[in-house]
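Student: Protein chains in written order, with my numbering: chain X, 20 to 394; chain C, -11 to 289; chain L, 232 to 549.
If you're looking for bench data, these hints aren't it; they were derived computationally from the structure.
Do not take every clue at face value.
[Stated by the list, open to error] Taking beta-carbon pairs under 10 Å as the criterion, some of the chain C residues facing chain X (in silico):
| # | residue |
| --- | --- |
| 1 | Ile5 |
| 2 | Ala112 |
| 3 | Phe155 |
| 4 | Tyr207 |
| 5 | Asp262 |
Predicted, not measured: the structure shown is a model, and the values here were computed from it.
Glycine included, every Cβ here is placed at the ideal spot set by N, Cα and C.
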Amino acid sequence: MKKQLLTLVAAVGLALGGGMVQAADTVKIGLMAPLTGSWASEGQGMKKIVELLAEQQNAKGGVLGKKIEVVTEDDGGDARTASLAAQRLTTKGVATVVGTYGSAVTEASQNIYDEAGIPQIANGSTAIRLTEKGLKKFFRTAPRDDEQGRMAAQTIEKLGFKKVAILHDSSAYAKGLADEANALLKKKGTEVVFFDALTPKESDYTAILTKLKGAGPDVVLFTGYYPEAGLLLKQKKGMNWNVPFIGGDANNNADLIKIAGKAAEGFYFLSPPQPQDLDTADAKAFLTDYQKKYNELPPSIWAVLAGDGFRVMVAGIAGAKSTDATKIADYLHKDLKNFSGLSGPIAFDAKGDREGEVYRVYKVDADGKFVMQKL
Amino acid sequence: MEEFLQQLTNGLAVGGIYALIALGYTMVYGVLKLINFAHGDLFTYGAYLGLTLLTSLALTDRVGFALGVLVLVLMVMGLVAILGAMLERAAYRPLRESPRLSAVVSALGASIFLQNTLMLVYGARFQVYPDEILPAATLDVFGLYIPLMRVLIVLASVAMMVALYLFIQKTRIGTAIRAAAIDQSAARLMGIDVNRVILLVFLLGPALGGAAGLMVGLYYGQVNFTMGWVYGMKAFTAAILGGIGNIPGAMVGGLLLGVIEALGAAYVSIAWKDAIAFCVLILILIVRPTGLLGERVADKI
Amino acid sequence: MNRAAWLGTGSCAALFAVAPLFLNTYQVDVLNSIGLYALLALSLNLILGEAGLFNMGHAAFYAMGAYTAAILNTRYQIPILWTLPFSGLAAGLFALAVARPVVHLRGDYLLIVTIGVGEIVRIALVNDVFGITGGANGIFGISRPRLFGWVIRRPEEFFYLIWGFVGLTIFLFLRLKQSRFGRALNYLREDEVAAEGSGINTDHYKLAAFGLGAAWAGMAGTLFAAKMTIISPESFNFWESVVLFMIVILGGAGSIPGVLLAAFLVVGLPELFREFAGARMLVFGLVMMVMMVIRPQGLLPTRGRHFSLAARVKETGR
Chain X
20 MKKQLLTLVA AVGLALGGGM VQAADTVKIG LMAPLTGSWA SEGQGMKKIV
70 ELLAEQQNAK GGVLGKKIEV VTEDDGGDAR TASLAAQRLT TKGVATVVGT
120 YGSAVTEASQ NIYDEAGIPQ IANGSTAIRL TEKGLKKFFR TAPRDDEQGR
170 MAAQTIEKLG FKKVAILHDS SAYAKGLADE ANALLKKKGT EVVFFDALTP
220 KESDYTAILT KLKGAGPDVV LFTGYYPEAG LLLKQKKGMN WNVPFIGGDA
270 NNNADLIKIA GKAAEGFYFL SPPQPQDLDT ADAKAFLTDY QKKYNELPPS
320 IWAVLAGDGF RVMVAGIAGA KSTDATKIAD YLHKDLKNFS GLSGPIAFDA
370 KGDREGEVYR VYKVDADGKF VMQKL
Chain C
-11 MEEFLQQLTN GLAVGGIYAL IALGYTMVYG VLKLINFAHG DLFTYGAYLG
39 LTLLTSLALT DRVGFALGVL VLVLMVMGLV AILGAMLERA AYRPLRESPR
89 LSAVVSALGA SIFLQNTLML VYGARFQVYP DEILPAATLD VFGLYIPLMR
139 VLIVLASVAM MVALYLFIQK TRIGTAIRAA AIDQSAARLM GIDVNRVILL
189 VFLLGPALGG AAGLMVGLYY GQVNFTMGWV YGMKAFTAAI LGGIGNIPGA
239 MVGGLLLGVI EALGAAYVSI AWKDAIAFCV LILILIVRPT GLLGERVADK
289 I
Chain L
232 MNRAAWLGTG SCAALFAVAP LFLNTYQVDV LNSIGLYALL ALSLNLILGE
282 AGLFNMGHAA FYAMGAYTAA ILNTRYQIPI LWTLPFSGLA AGLFALAVAR
332 PVVHLRGDYL LIVTIGVGEI VRIALVNDVF GITGGANGIF GISRPRLFGW
382 VIRRPEEFFY LIWGFVGLTI FLFLRLKQSR FGRALNYLRE DEVAAEGSGI
432 NTDHYKLAAF GLGAAWAGMA GTLFAAKMTI ISPESFNFWE SVVLFMIVIL
482 GGAGSIPGVL LAAFLVVGLP ELFREFAGAR MLVFGLVMMV MMVIRPQGLL
532 PTRGRHFSLA ARVKETGR
């Protein structure tokens, strides 16, 4: 029996060792994404976009005169798998890493990359504390929750709502955003009449909507994700309740419209600008190419932000003229200014956060299109 | 009071779905003493197959809404039933003489397999039923909001449950199922083909689960490949609450669980809703260790 | 065990101990993950395997330990390894408290109750119960463990900490299995009524199994917290309990070598299947099913205890 154990250990060891040897004729960029698990749709979108961009970059001659090779690892959307995925990427000789989506998942990998000296650029992780740790090689294309909370409170104020109900889904992201907005709204004297969390992944939210309605708000701020937002909108309409909803940036997903149908009309949400709304040549070219290759629009802004992470890293390697981690990080901190991203101009502050106002307000029109608002 | 009644109907609508899925757990358990953890995924398959058939055959356009949905329900029930029987053959029959928990692990493996197969075939994105297939009429009963579809769903679930109950209680085959549940070897001695009974149970349970999946898809419009875990766990809880192995128990348990959840969310806390439901379950089990309608089994010596 | 077996085991252990020298960080970290799950599965084995109590909420006890350690460490600056006994105690006492009223429930009813306890604990953590668990964010900034002035940081260092603890656990649990306590649990599992008839206080033994298994899971939680330096409720969800349950049954309930082997498979295989990318969990599910069908008693089921009369006569000289 011990022999079986031993064989197994050896087998696991051997198999895990595959792919260790690498030649230096390519520049490897790691992508850590949730390819399985409950965020699989985001992760698969990230993979599609990064692969397309790498293909294009290689057609243009790659970077530093070498081809780019994307090494993708599945983080399963959970912290433990992510730490293993990160360890695995560090052994594969990647120059930089793009990813990942969830904040807690990114956090589990941050120290591993930092200790291995690999610059990391997260695409969906908005939790404030990720960039408050003083990690010199960590960046993110996603804006921060406090920024969004500020924007949410400001939008509610500008639209003239007085009684606000806040609903989150207990995830770190949604709770953080809800807390930020709640504190700011209270400070400004706006009445918050309801603050609670739904359970994600269910289908029936009428019990919650009934309770919400009882609180009598004139706007509902929902800080969770698009599947629940879609159902809430749909079931709200079924109840003949016409209260406006404002959503956080996790609602910028084309599937929201598929789920809610007509009921999505009039829904506001905050988000970094979509490539559709930018007039830069990069964004336009990216959109056409993406549609040509995959025959659909990019699934969500977060996948696009992973694409931006990839482009930023390529720019960093090209700008630093090296794959040396410190040089890349220095370049991104100091020299990368007004980079033409697929989600608006990109520059990083000393913490690795994006500089400038990233958020825009969107509203869903009668045809289910996301229309950028001027407020 | 009005809000209370509204929440009650909200709870009953959800509970009806739980009950329908719970029947599958309870029937399999009754005969095999096996918790079929893949049952929730069969429910998901019902929802996905329903979507594919609905969009590819366009039944509701061809033969009208009522007939179209009826045909669709029957097709989905048939297909999921076949899937259930295949599952039994592949994952459970080889383990029938083994320790009970081995079959549980096999079921969990099957569940992971079924779920990820769906993800690979349909992709990980949410799948959405075509909008506005269902008539969106809302009944206004004394100021309560009750969509017509909800009433129909509850009625359909109850009808299926009653039909099943009568089938089990009144027909010869139903008697055979009950006999096999009480004592397999005695049933075999009485000339009952226990293998066929088990096959039948694995056709009936998944058929009902598949129907529930289709109803969820039609009514809520949104399905995803992991929904079987959420609904499966709720339905399993419902089956235990009512006393697992007991068919009326599954119905009562399902409806009750739906109501507990709705009222818990309304009057205690939405965020703690599931915890409240589990607390109530544990309290009930402390008082009645075999569930509400479960038989009190004395230990055999 | 005879001399050859001892020799074999010893050389395997020695080989395993030098493994980090030949493996890269990722591989060592996979072994660490396996070690943690082995530890947890061994503790669950005590409850589920030895005493036959259906427990599918083991993550609750694991979480109790991890959170106790994290809270003591971040709030009161108690070195993380010093929190081990407290974590064990907290998890064990919690298990006793929740198991007391339900331990007499029959198999599947106990199963759902433990699932319920696991979910209640997770929901309580998410909702920041008592304001000390940090909600969905969890607790971060847990300090690295320090052993005799040596800060344990790299996976290679954790390897020795975790597998050292696994080794100690195996030794203790093997002793326990042979003891009067272990035999009483097995009796209980095989025939509760007969056990009670033979004067075994069944409720007492069941509770003891629950308490001890939970305490051990709690200590494993401490190691987990120390290794990750951040813990959040999602690390202790229902799926974790299911994985542990699968490890114990797949290995062969009550079999310590079986549980170890199964930990290697259940945690290691999804890593091996990374080549399949999006299909890796599909393959994993299929493999679980097939393995169970091929070996319904578990991979390495326990054999009945054998006592050779002849050997005993020779030994005692009678």
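Student: Each hint needs a verdict: does it hold in this structure or not?
Tutor: We went through each hint and held it up to the structure:
Checking Ile5/C against chain X: minimum C-beta separation of about 8 Å stays under 10 Å; hint holds. Because the smallest distance between the Cβ of Ala112/C and any Cβ of chain X comes to about 3 Å, under 10 Å, the interface hint for this residue holds. For Phe155/C, the shortest C-beta to C-beta distance to chain X is roughly 28 Å, which exceeds 10 Å, and the interface hint is violated. Evaluation of the Tyr207/C hint against chain X yields a held restraint, the C-beta minimum of about 8 Å falling below 10 Å.
A distance limit of 10 Å between C-beta atoms decides the matter here; for Asp262/C the minimum to chain X is near 6 Å, and the interface restraint holds.
When the structure is compared with the earlier hints, a violation turns up for hint 3 alone.
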